[in-house]
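Grab the two chains, each in its own frame, and use the hints to assemble them into the complex.
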Amino acid sequence: MTFFAARHWRFYATLGALAAVLIAATGGLTLRLPTLDEWGQPLTVRFTAFAPAIFAILVTVGTKTHYVSLERTAHRNLSRWRLVHILTTLTGQAVALTLGVIGGAYVSGTPAEVPERLIDFALFAGVGLVIAPLSGATLSWIAPLATAIICATLAVNTPINVLTQSIAEAPQLAVTSVVLCVAGVIATAILPSRE
Amino acid sequence: MTPRDTTTAWVWFYATRRLPLIAAALIVLLLLVTIAQRWAEERLNHGLLMTATLYDGATMIYAIAACLGAWGGLREHRLSLRVLDDSDTASWRRGRFVRIAGPICAVTGSIALASIITALTMLALPHRSGPLHVGAIIALISMAGLHVPIGYYFGRCFPHVLTVPAVGGAALVIASSLGNGQGTPASILLPSGGVGGDAFSTWNPTTIWAQAVWFTGLLLTVLSLIAWRGTATKRVVVIAVALSATLICAGVSLASQHWTRFDAGITNGEPIPNAYCVGKEPTVCVPPAYRGIAAELAETFRPVTQQTANTDHPITTLELRPRGIGQTPTPGATAIHLDTAVPGASSIALQEFLETPVWFMEETATP
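So the sequence lines, in the order shown, correspond to chains S and W. For the first sequence, this note's numbering assigns the number 1 to the initial residue and increments by one for each residue that follows. For the second sequence, this note's numbering assigns the number 1 to the initial residue and increments by one for each residue that follows.
Same shape as in the complex, but just chain W (with noise of 0.2 Å):
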């Protein structure tokens, strides 16, 4: 066979056997997007931080990426070109590593390409909440494409009619529930959601980098494995499980310092972490991801605060506190409360504050 017909073949075999997983995978990319962008508004009109948005999100993409790896997997065994793989030709073996990597990459592809532009999106609101981790985009899309070759190679095994949709929920299963639990090994080194985190919270960003390089070394490590079977020389595999293997151990022992994602929030008389002051007279003070909403609530809370200047206790500054007993605001302080950032918001917050009988005395500490 001439290079030429070589190259013929394969193009018509991608358009014949390929087009309908990259069909999927792009139909997959809009609905990622679509979701992503109504479930990161809502999230952050309550106030959630951004980087929990992405995680909270990614929970669902898990299960994706598996059933499409899975499903990329059981019709490339239906191809049935076993027989051929087995054969040891060069030509074979390269047209075997661009088989099993091509739906792999198309697939991971689309979702690191979803993840972005929902970053983007989510940087360009404006009423965005706290920082967003760079650290964690890499750690969920290294997440998110590890569920595919994962997926691709259940689909290979066990070809069966099932196969795709049970290991859509077992992805489903882990990342809600095994991963789930606070400060444990497991919610750190299974892919998992944003496990609490409101806007009280602080990120560890020594945990949110293990992450990336332990769910980046497993990545590198399945990728060498199929790489392993494909054309890649024994040097270049002999390097990439080193450094998969170096990855691997440095984000175990740097997780391992913490395996929690926040701090233990904020306790009586704490100030507010990274708080954001505007204004004076009152001065509103609110966690970062409140940033959009300080100035408004500090125009809604003037007039309040003016009808104060000449008693023995006026108000001067103004606390976002989060809800619950042991929350007093620190010294000098007055706490409010706000379940939404959304603009326009500060009026409920007033009206709560004015509904409250024993606001002054109880949530109004002594200068």
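In isolation and in its complexed conformation, chain S is listed as follows (with noise of 0.2 Å):
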């Protein structure tokens, strides 16, 4: 059995084609946050800016092992597999969120913003990733949920919320998430599970 059989990367693959789908399908959905912009009046974004908290949830969450003790044991040996998974598991699911943001776009005729949810990916991802090795992967969706629940209402109105902040206007936010994200996957393929 490999390492890969143990992580049940089809299940989570399966789950973001699922999640490509959805974001497709409601490209034109509203969400109404309860903040307020600048000007007073209540801020929404579409639903496609929260899909890259959902994929690295599926990324996060996806680390999950059943043979934890066996993996304790051997981590050095398994590092490496568990270097291929989760870059596997990155790719895979940041391939769905752009199919998914392209065909959002498609459908509510928006311009497609690829880049900009590519980032936020990273950055939801990075967070996730170097918490769960201490959190374990039961629970470490709640590190990129709650940076999106943060974005969404305490930090609307500063430079580093991903939600409002495009690339043009905070180009730290691209570098911060692009190390983050290196941090994470690092971090996931040296430190041995935690269950």
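These are calculated hints, taken from the structure and not from any lab test. This structure is a prediction, so every number in the text was calculated from the model and none was measured. Even for Gly, the Cβ is constructed at its ideal location relative to N, Cα and C. Incorrect hints may have been included.
[What the hints assert, rightly or not] With the Cβ distance kept under 7 Å, some of the chain S side facing chain W (calculated, not the full set):
#1 Leu29
#2 Val61
#3 Thr138
#4 Trp141
[Said to hold, decoys possible] From chain S, some residues computed to sit far from chain W (all C-beta separations above 12 Å):
#5 Ile57
#6 Leu99
#7 Ile102
#8 Leu145
Printed below as a string of structure tokens:
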């Protein structure tokens, strides 16, 4: 049995495909956030703004293994497999996210914000993967979800908000996101699983 | 097992198994109060109504309540007490009821406490805006409470690691989009945010109370079902179901009169509803949301109005109006505009008033 089989990668790949269809189908859906913009009006964002968080949760939760004792005993030998697994799931979910965003833009007749959403995905996935070795994969969804909620509530009118800022407006966000994502991949690869 | 042993077992059970959920509920309580107070201050600064502020903040609370409920259900499933639950002895039925109702009451209680603390804090703010409807607070607590058992049963029935975020996300989407249409049944019968409602709107108290009755009925129904699985006798359950059915029918029939929480707002020349007027020469009339800044506005505009005293068109009454076409003031009044109710902001209104070149011709109606 390979490491991939223990991680139920097919299940999360299927969920990613379903999520892409959901994002594409609901491309025109608008959410009214419980926060105000700088003019005092209720802030509304498209549902696709939350798509990166959904796919990031699939990535972080997908690091769950049912052979934790085995991995902990032999984690030096399995770290390469862990790295391959996380890179594969990151790539797969990024592709699903891209397709979902493009489909959503086609449905709603709005421009596709693929680079923005991919940067957001890197940020959410990075945060989740950094936390996952500490919290365990079972609770690793908390970090991306909490980041999304903070962006939708407390950090709305700040320059660090990925929901309202574009790459052109805040290029430092892109650098931070990529650095966090790389840190998350390294942390997941070298640290033993905790369940 | 003697009664003393049973008590010790339950204390041990709660100390080891329930503490994480109770601790999480308390942490969420602190977070909610902190976030809600910041939201409240921001909204009240912009002159939004207090009740609308509560509704808007509750959108996020529903998702958190559903998440906590689903987490509780997931943990309950992992305890693997289902085999023991199937036994029909009185003590295990009682225990089952306590185990199910305990987490639900802990989470709902902390949310109710957070709502009450937030409401009291808003009442203490100096620039509070509009009335704080008791019916709205009851409706919000019932709505949030309703999410806990629903999330709980999702956690029990679908014990998967993704259940909790999925339930929370679904609750957020429903509250933020599906129930967000103004004037539709879904906006009243589904949990949703404030849906507009600026300082120039007035609340529809019938709809507020209809929501309170409707959601309380739904919550009572869910609790009756839990009690039915627990120790309640059939007579108590029948009475509870009858009461909740009555509340649900009453709530729907009340809500069907309007299907909206606000009126249509004011139009051209129409007076501000429930206007609060203060001062003489000039008299400043503001909507209730701007009550705290009315005297300051009168003081700030007095030098300007005194300069117009001996002209053909003296300014005697100032009226805070919404911006936009078709928003001329009532006859004899002059319109001013302001987007924030923070004390000290009246100079912004004065500056805008003076910088508007055609204010005298267009916005001053003939007495």
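Okay, the hints, checked on the actual structure:
1. Given the 7 Å rule on beta carbons, the hint for Leu29(S) holds: about 6 Å separates it from the nearest Cβ of chain W.
2. Restraint check, Val61(S) versus chain W: the minimum CB separation of about 5 Å is within 7 Å; hint holds.
3. For Thr138(S), the shortest C-beta to C-beta distance to chain W is roughly 5 Å, which falls under 7 Å, so the interface hint holds.
4. Given hint, Trp141(S) at the interface with chain W, holds; its Cβ is 5 Å from that chain's nearest Cβ, closer than 7 Å.
5. With a closest Cβ-Cβ approach of about 6 Å to chain W, Ile57(S) is found to fall inside the 12 Å limit, against its non-interface label.
6. Separation of Leu99(S) from chain W is adequate, the least Cβ-Cβ distance of about 20 Å exceeding the 12 Å criterion.
7. Listed as a non-interface residue, Ile102(S) keeps its Cβ farther than 12 Å from every Cβ of chain W; the least gap is roughly 21 Å.
8. Non-interface status of Leu145(S) relative to chain W is broken: a Cβ of that chain comes within 12 Å, the nearest being about 6 Å off.
Checked against the numbered hints given earlier, the structure breaks hints 5, 8 and satisfies all the rest.
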